[in-house]
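**Student:** Sequences and hints are given; from them, build the entire structure.
One-letter residues, chain by chain:
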Amino acid sequence: MANEISRHILSFVLVLLLLSETVSFDWKKPCKSFVLYQHNIAYDSDNTDNATSATILNPLGLGNFLFGKFVIFDNPVTMDQNYLSKPVARAQGFFFYNKKSYFNIWVACTLVFNSTQHKGTFTIMDANPIMEPTRDLSIVGGTGDFFMTRGIATFKSDLIQGSKYFRLKMDINLYECY
Amino acid sequence: MANEISRHILSFVLVLLLLSETVSFDWKKPCKSFVLYQHNIAYDSDNTDNATSATILNPLGLGNFLFGKFVIFDNPVTMDQNYLSKPVARAQGFFFYNKKSYFNIWVACTLVFNSTQHKGTFTIMDANPIMEPTRDLSIVGGTGDFFMTRGIATFKSDLIQGSKYFRLKMDINLYECY
Amino acid sequence: MANEISRHILSFVLVLLLLSETVSFDWKKPCKSFVLYQHNIAYDSDNTDNATSATILNPLGLGNFLFGKFVIFDNPVTMDQNYLSKPVARAQGFFFYNKKSYFNIWVACTLVFNSTQHKGTFTIMDANPIMEPTRDLSIVGGTGDFFMTRGIATFKSDLIQGSKYFRLKMDINLYECY
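Chains as they are written, first to last, in this note's numbering: chain A, 6 to 183; chain B, 6 to 183; chain C, 6 to 183.
Everything hinted at is true.
Capping the alpha-carbon separation at 30 Å, the derived lysine-lysine pairs in DSS-like fashion look like this:
{"hint": "1", "chain 1": "B", "residue 1": "K91", "chain 2": "B", "residue 2": "K124"}
{"hint": "2", "chain 1": "A", "residue 1": "K104", "chain 2": "B", "residue 2": "K74"}
{"hint": "3", "chain 1": "B", "residue 1": "K74", "chain 2": "A", "residue 2": "K169"}
{"hint": "4", "chain 1": "A", "residue 1": "K91", "chain 2": "B", "residue 2": "K105"}
{"hint": "5", "chain 1": "A", "residue 1": "K104", "chain 2": "C", "residue 2": "K124"}
{"hint": "6", "chain 1": "C", "residue 1": "K161", "chain 2": "A", "residue 2": "K104"}
{"hint": "7", "chain 1": "B", "residue 1": "K74", "chain 2": "A", "residue 2": "K74"}
{"hint": "8", "chain 1": "B", "residue 1": "K105", "chain 2": "A", "residue 2": "K124"}
{"hint": "9", "chain 1": "B", "residue 1": "K105", "chain 2": "A", "residue 2": "K74"}
{"hint": "10", "chain 1": "C", "residue 1": "K33", "chain 2": "A", "residue 2": "K34"}
{"hint": "11", "chain 1": "B", "residue 1": "K33", "chain 2": "C", "residue 2": "K33"}
{"hint": "12", "chain 1": "C", "residue 1": "K174", "chain 2": "C", "residue 2": "K91"}
{"hint": "13", "chain 1": "C", "residue 1": "K105", "chain 2": "B", "residue 2": "K124"}
{"hint": "14", "chain 1": "C", "residue 1": "K33", "chain 2": "B", "residue 2": "K37"}
{"hint": "15", "chain 1": "C", "residue 1": "K34", "chain 2": "A", "residue 2": "K33"}
{"hint": "16", "chain 1": "B", "residue 1": "K34", "chain 2": "B", "residue 2": "K124"}
{"hint": "17", "chain 1": "A", "residue 1": "K34", "chain 2": "C", "residue 2": "K37"}
{"hint": "18", "chain 1": "B", "residue 1": "K104", "chain 2": "B", "residue 2": "K169"}
It should be emphasised that the hints constitute simulated quantities derived from the structure, not laboratory data.
**Tutor:** Below is the structure:
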């Protein structure tokens, strides 16, 4: 009989929890994980057709590591490393260099999805110490398919071709999915 | 007797839950909803008294859609469409244009409330594709009356008068209220 | 026997709650609190060795309160008021002035910890009305030791030496700790 009552009460509690329509999250494993590649082709005043980013302010001469260089971008984001693959999103935002003694950037950007498969955005904002092999950046909010999401984007410089092109591998791990 | 025990235990569990003093949220309907209007009067070097925003960097010539134009603002926010109504808040932040092929902006701004009725802030940050009739932007944090809030701001370009003035309708929906 | 069953079922419910591996937060008191000091030494083109911040855009002349002045920084953060103390973190980000009629700034910055004791980041973003004795700013995300954190940073201008140096007292209160 104890067992019967247990089952009875537990069902009741579980129903109560379900009825509350609230959400709770498991921080030990992400609720959504995927890998994306971001491609940045710097504008050099002669590549309007291909350019995806442009420097709006040049470095000011404090140290030798581009302190003050400020870049705005609208970069294609693909599922694989080929920058000619069909983009699944655009990465829109800005970054700037902010160190006297080595290359270091700070970035804020939104991944904008606008296809039949995915509609919505999520926004990344953090320091991005580009000399480190990988770095974790905060995902602080989202809309649409990514409504209210939060998580971590792990960036890796996948390929760098001088100041013309870089490809960023982005491991996206969302820990709050609604 | 089973009923009696059930009631007894359930009360206990409920008291436990209450004692934990935690909060949980319902993502299906907002905990706070309101509509605000933001008014932006662009500085033209001849309207210091009225201007509420100013371009700090001009477009750099990548495409024909103002790529690189960077604007800082401190815009009045009202409850109705009249920009002469008593402001309930100021919208402080920046936006910039970032597309080669059509008008598109990226924005970060804080709504600052400082009246007897409301004190506090919340901050919006997202892509803002201004050619779309409405767009959802993330609300990523808040202070004071909006302590730790999160949610969605739906922007609609309510009125645009050339490059001089625009009015933004902002549907605010907060899903986390403390 | 009722007591025995109660205990039995309660343990079961508690185990269930624990197994769900979710987290919940108490918004009435912070899960982590500490005080930090941020030191900003403005670049004057003659102090490269000491400078920790630099103006990348000068005010544009809208009013007399530096509207449009834009500063990028990489400031040392210490546990006490002495800017020569060993930094526990760097504050990396930017701020700009955005008012016609008094001094007011808007800021976004990340506190970057990279020591044996603490590794990780958290990011602050909000209006910062510097004429107020204290002001609350939103902490909107974090990584590493501050994984997914949120909270409030209360800023106080602790010392201001003209336009050369300022020290900011930052009361950090985190309300979501994972």
